[in-house]
Amino acid sequence: GAHGGGAFSGKDPTKVDRSAAYAARWIAKSLVHAKLARRCLVQVSYAIGVAEPLSVFVDSYGTSEMSNKELLEVVKKNFDLRPGCILRDLDLLRPIYSKTACYGHFGRSEPEFTWEQPRELKM
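If you use our numbering, the sequence shown corresponds to residues 6 to 128, in order.
Heads up, none of these hints are tricks.
Here are the simulated BS3-like cross-link-like pairs (lysine-lysine), alpha carbons at most 27 angstroms apart as the crow flies: (1) K34 <-> K74; (2) K40 <-> K127; (3) K127 <-> K34; (4) K81 <-> K20; (5) K127 <-> K81; (6) K82 <-> K34; (7) K20 <-> K34; (8) K20 <-> K104; (9) K127 <-> K82; (10) K81 <-> K34; (11) K127 <-> K74; (12) K40 <-> K82.
No wet-lab data here; the hints were simulated from the structure.
Here the structure is a predicted model, which is why all the values come from computation and not from measurement.
With these hints in hand, go ahead and build the complete structure from the sequences.
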């Protein structure tokens, strides 16, 4: 995956750079887990003072039987990407971040890393 270089550095989870990076990972893992794609990139962009993302982009790298537009509709149906909803849905206000200092943020199996647990998707 890819994220902005400063997405995690010194930021608490109320900063959308950090929480949206976790949400994008969660969405991509959920799409792959549901076998809607073998690979997936999810990009989200925000503007200051605007709750809804300005843009949500999904790219399956050609590994899905669905179009990227159809995958985006699945995302919109299953995930609320407003910052407060990301905090709630991933339970990000818990004191879990010291564990990310060693071995990183992604690819972890600990239950604290809620973004690593795929959501069951409604089609």
